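Respectively, the protein sequence lines represent chains S and X. According to this note's numbering, the residues represented by the first sequence are 1 to 674, in order. According to this note's numbering, the residues represented by the second sequence are 675 to 830, in order.
FYI, nobody ran anything at the bench for these hints, they're computed from the structure. Keep in mind that this is a model prediction, so the values were computed, not measured. Fair warning: there could be bad hints in the mix.
Straight-line Cα separation of at most 20 Å, EDC-like style, residue types lysine to aspartate or glutamate; simulated pairs [said to hold, decoys possible]: (1) X:LYS807 x X:GLU713; (2) X:LYS744 x X:GLU729; (3) X:LYS750 x S:GLU248; (4) X:LYS750 x S:ASP101; (5) S:LYS107 x S:GLU83; (6) X:LYS750 x S:GLU83; (7) X:LYS732 x S:ASP25; (8) S:LYS80 x S:ASP101; (9) S:LYS80 x S:GLU125; (10) X:LYS751 x S:ASP115; (11) S:LYS127 x X:GLU702; (12) S:LYS137 x S:ASP25; (13) X:LYS732 x S:ASP75; (14) X:LYS805 x X:GLU815; (15) X:LYS751 x X:GLU731; (16) X:LYS751 x S:ASP77; (17) X:LYS750 x S:GLU88; (18) X:LYS732 x X:GLU798; (19) X:LYS744 x X:GLU702; (20) S:LYS107 x S:ASP60; (21) S:LYS137 x S:ASP75; (22) S:LYS244 x S:ASP229; (23) X:LYS732 x X:ASP748; (24) X:LYS751 x S:GLU34; (25) S:LYS61 x S:GLU88; (26) S:LYS127 x X:GLU783; (27) S:LYS137 x S:GLU83; (28) X:LYS751 x S:ASP75; (29) S:LYS218 x S:GLU243; (30) X:LYS744 x X:GLU795; (31) S:LYS107 x S:GLU124; (32) X:LYS807 x X:GLU731; (33) X:LYS805 x X:GLU702; (34) X:LYS744 x X:GLU815; (35) X:LYS807 x X:ASP748; (36) S:LYS127 x S:GLU34.
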Amino acid sequence: MTVEQRNDDPRDQFPIGMRVLAVDDDPTCLLLLETLLRRCQYHVTTTSQAITALNMLREDKNRFDLVISDVHMPDMDGFKLLELVGLEMDLPVIMLSANGDTRLVMKGITHGACDYLLKPIRIEELKNIWQHVIRRKKFDSTNQKTSGNQDRSNDGGGEGELVSAGTGNSDHSGKVNKKRKDQNEDDDEDPDENGHDNDDPSTQKKPRVVWSVELHRKFVAAVNQLGIDKAVPKKILDLMNVEKLTRENVASHLQKYRLYLKRISCVANQQANMVVALSSSDSSYLHMNSMNGLGNFNPLTGSMQFQNPAFRSFPPGGMIGRLNTPSGLGLRGLPSSGMIQLGHAQTSGNSNNQVKFQPVTLQGNNNGSILPGIPMPYELDQQRNKGLHIGDLSTTIDDTAVFPLSNSLPDVKIATGNGSNNVISVTNNMLMLGHCQDAQAGREFGNHSSVSVAPLKPEFCSPLQDPGRCNENWANSVQPSGFQSNSFPLNDRQKHAALHRSSSRDNMSVMASQIGVNQFDASSIASASFRPDNSLSDSQSSMIQGWGNLHKQDSSCRPNLMSSSMNSLVPVNGGLGPLEQGLDLKNPMYHRNMDFDSMGQPNYVDPLMVKYEEVEKSTMETLKLKQAYLMDQQRPQGSYMSNNFDPLGDVVSAMMKQEQDKAEGEFDAYPLRV
Amino acid sequence: MLGLGADRLRADMNRLLALLFHQGVLDEQFLQLQQLQDESSPNFVSEVVNIYFHESEKLLRNLRGLLMEKEFADYKKMGIHLNQFMGSSSSIGAKRVRNVCVAFRAASEQTNRAGCLRALELLEHEYCYLKNKLHELFQIEQQRALAAGVRYPMQN
């Protein structure tokens, strides 16, 4: 052990002493970053020039463990630096920016950044950055280990899969590690480094095998070949023919696998029963259930046609057989969604809902291979472009499950044919918005509320701040109750269902995030749907008035401004919260008035004016309003701010916060961190 | 007596800080800055803030220069300056300044020159206020350090 370890002491105490290179052209941030990093006990080198940084890196590749770089730099684009470092030195790079625009973040990730931090940096975030170093090293060493002598999976594809499955990271890490693998063969130094990293305590004492997708697939194939009953570790191992895999590894994996199968089969039995029941039923029965299932529901008649042949086309036993097929279920994202679906079927007490679904679960994944005989997913695919995407949304609102299964939009269409049309279409909106997909998704809405929502989408997508909070607030002030009740049960059931498949953690988080998104968007939709009627509740109108009486004439304001203002108001504190926050009526310490007098009040009108003028684009009105606002400000702060004699500055700061939220909402996609 | 002076100064400083926090001029990021100040970097806050002032004035000058141009069209460049200003302001906890930057950025993205001008004025204004207040803070702190220093040999 010790022979292989590096002699540097700091390395033993990793992450203490981790060597970081920090690059930022802004000296303020650079100094701050340096100090923060030192506080985390890292070893820091700083430079304000990207080119200098590159040179430093090039002259000695082993000098640093991690690079943190700003995105916007004068001499070189941060992304370029990122790419170069990734390619040449294969070090983890963290991007840093004041701008949290989703597009930028996306760009960072696609260029290979292992993280994207927003300014202002907090020390808590920096305390964890060492994980990126470990992660990279570990998977590099795993690459070396399991594929070292193997001819088969030595190509980039295998490696990529191995790594990405193991890390569970997003694709870029797989990509980067592919690059790394290629590089490893050329680069002299890296193997040394990896050799060192084989000393990670976990890899050293007990070489942990990562059961990647590839490996597992082989395993499953071997098991199937032998027959599940006859599969013994030794034979499986021989069949798999993987170096560095021991019989013990296989044995333990087999044990887990058997447990898994047992679990599946229990659920499958229940489902099979349902399927049996259903397949023997007539079309009208299927019709009723169609809401839950596959989707294809826009024309219900159409859905029936789809379903009937599907159900009749294979016997339930066949489905169960497939269910139990390890290869069918054992892989990646698909099975987990399948599992969730099953779990869902279990938990929702409604037998009608259980109609389907393996087929439904397949949707997101396009895999014909899992249950090859089922036509439904393909039909769903066809339908996908046409319309509205949502997971299974049952007709009755208190049934569950919106399952936006895969990362792309789920393809199941919502049944519009039932009584609660509005609700479902609105929830359509919400999920759709939650995905922030392009406008075409919005077109299929038949509902009036959806129409008004579509143009607002960009704004709604962004302030995805506190879904829970927003939801409640809007529920109180705005929501139709039926709608509201929909989102919460969805949440519960989904989580409940997801919990049933504890192994499907990924999906759960996907779902949870979707749920979060759903809830928020539900609220945003609700606000949107309110708007067209221009029926603001009193609290809302007074809020807007408090902002400067600009909205006295509701008609004069463009809808999206108001909705975005409302939305941005909501997340801060909900309801009247932001202004109350700004006002802080009880606080005696507001001397701001005094300060402001010297500056002249009109200045504080400005940010507000700036915002609203742009939107309204009517200078005359603005001037009038400005004057009105000024006049309002002269007297004790407007109609509803009764108690506070000087909330001006606080109102302004509240407004600015709103503007900030709004600005960020309107113009940048939601920043990562608020 | 000197001890009392130091205490009073500390109270003044705290009061000023509390005021600035309430006003939203500063936020908790500033606190983090203060926490980074210790024996190994005793003047950290004022160092960082002074750098910030220096840079910000440069940026403000640049911004004003851009906007004053007769044929101003380079919103992108303005955006870059703004981005830096926003980054540094948020890093030291200058909340109000940062908020104005956000509004400014919005105006800039809409290529609304008038809006940008107004935002710039407001920005300059907020920045001045911040600078004055922080100078005040540092002065109190200096006096306090002096007072404490004189006291130091007598009673730790």
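Quick rundown of the hints versus the structure:
Taken as a hint, the X:LYS807 and X:GLU713 pair is broken in the structure, with Cα atoms around 25 Å apart against an allowance of 20 Å. With a CA separation close to 25 Å, the supplied pair X:LYS744 and X:GLU729 exceeds the 20 Å bound. At most 20 Å may separate the alpha-carbon atoms for a hinted pair to count; X:LYS750 and S:GLU248 exceed this at roughly 61 Å. Between X:LYS750 and S:ASP101 the CA atoms are separated by roughly 15 Å; this keeps the pair inside 20 Å, and the hint holds.
Using a Cα cut-off of 20 Å, the hinted pair S:LYS107 and S:GLU83 holds, with the two alpha carbons roughly 11 Å apart. In summary, the hint linking X:LYS750 to S:GLU83 is not supported, as the alpha carbons are separated by about 23 Å, beyond the 20 Å threshold. The straight-line distance between the Cα atoms of X:LYS732 and S:ASP25 is roughly 14 Å, inside the 20 Å bound, and the hint therefore holds. Under the criterion of a C-alpha separation no larger than 20 Å, the hint pairing S:LYS80 with S:ASP101 is consistent with the structure, at around 18 Å.
Note on S:LYS80 and S:GLU125: the hinted pairing is violated, with a Cα-Cα distance of about 24 Å set against a maximum of 20 Å. At roughly 26 Å between alpha-carbon atoms, X:LYS751 and S:ASP115 are farther apart than 20 Å, so this suggested pair is violated. Between S:LYS127 and X:GLU702, the direct Cα distance comes to roughly 18 Å. Compliance with the 20 Å bound is thereby established for this hinted pair. The suggested pairing of S:LYS137 with S:ASP25 is violated, with an alpha-carbon distance near 29 Å, which exceeds 20 Å.
Distance hint between X:LYS732 and S:ASP75 is fulfilled; the C-alpha atoms sit about 18 Å from each other, no more than 20 Å. A C-alpha spacing of about 15 Å is found between X:LYS805 and X:GLU815, which places the hinted pair at or below 20 Å, so the restraint holds. Taking the CA atoms of X:LYS751 and X:GLU731, the gap is about 16 Å. The hint holds against a cut of 20 Å. Annotation: proposed proximity of X:LYS751 to S:ASP77 holds, straight-line Cα distance about 14 Å (limit 20 Å).
Distance restraint check for X:LYS750 and S:GLU88: the Cα-Cα separation of roughly 31 Å exceeds the 20 Å cut-off, and the hinted pair is therefore not satisfied. With a CA separation close to 12 Å, the supplied pair X:LYS732 and X:GLU798 stays within the 20 Å bound. Taking the CA atoms of X:LYS744 and X:GLU702, the gap is near 40 Å; set against the 20 Å cutoff, the hint is violated. Straight-line distance between C-alpha atoms of S:LYS107 and S:ASP60 comes to about 28 Å, which puts the hinted pair past the 20 Å bound.
Using a Cα cut-off of 20 Å, the hinted pair S:LYS137 and S:ASP75 is violated, with the two alpha carbons roughly 30 Å apart. Our distance criterion of 20 Å between C-alpha atoms is broken by S:LYS244 and S:ASP229, whose separation comes to about 25 Å. With a CA separation close to 18 Å, the supplied pair X:LYS732 and X:ASP748 stays within the 20 Å bound. In summary, the hint linking X:LYS751 to S:GLU34 is not supported, as the alpha carbons are separated by about 27 Å, beyond the 20 Å threshold.
A hinted pair counts as satisfied when its Cα atoms are at most 20 Å apart, and S:LYS61 with S:GLU88 qualifies at roughly 9 Å. Restraint check for S:LYS127 and X:GLU783: not satisfied, since their Cα atoms lie roughly 35 Å apart, outside the 20 Å limit. The straight-line distance between the Cα atoms of S:LYS137 and S:GLU83 is roughly 18 Å, inside the 20 Å bound, and the hint therefore holds. For the suggested pair X:LYS751 and S:ASP75, the alpha carbons sit about 14 Å apart, so the restraint of at most 20 Å is met.
Of the supplied pair hints, the one linking S:LYS218 and S:GLU243 holds, its CA atoms being roughly 13 Å apart against a limit of 20 Å. Between X:LYS744 and X:GLU795 the alpha-carbon distance is near 18 Å, which keeps this suggested pair within the 20 Å criterion. Pair hint S:LYS107 plus S:GLU124 does not hold up; C-alpha atoms about 24 Å apart against a cutoff of 20 Å. Annotation: proposed proximity of X:LYS807 to X:GLU731 holds, straight-line Cα distance about 16 Å (limit 20 Å).
Straight-line distance between C-alpha atoms of X:LYS805 and X:GLU702 comes to about 17 Å, which keeps the hinted pair within the 20 Å bound. This hinted pair does not check out: X:LYS744 and X:GLU815 have alpha carbons roughly 45 Å apart, beyond 20 Å. Using a Cα cut-off of 20 Å, the hinted pair X:LYS807 and X:ASP748 is violated, with the two alpha carbons roughly 33 Å apart. Between S:LYS127 and S:GLU34 the CA atoms are separated by roughly 13 Å; this keeps the pair inside 20 Å, and the hint holds.
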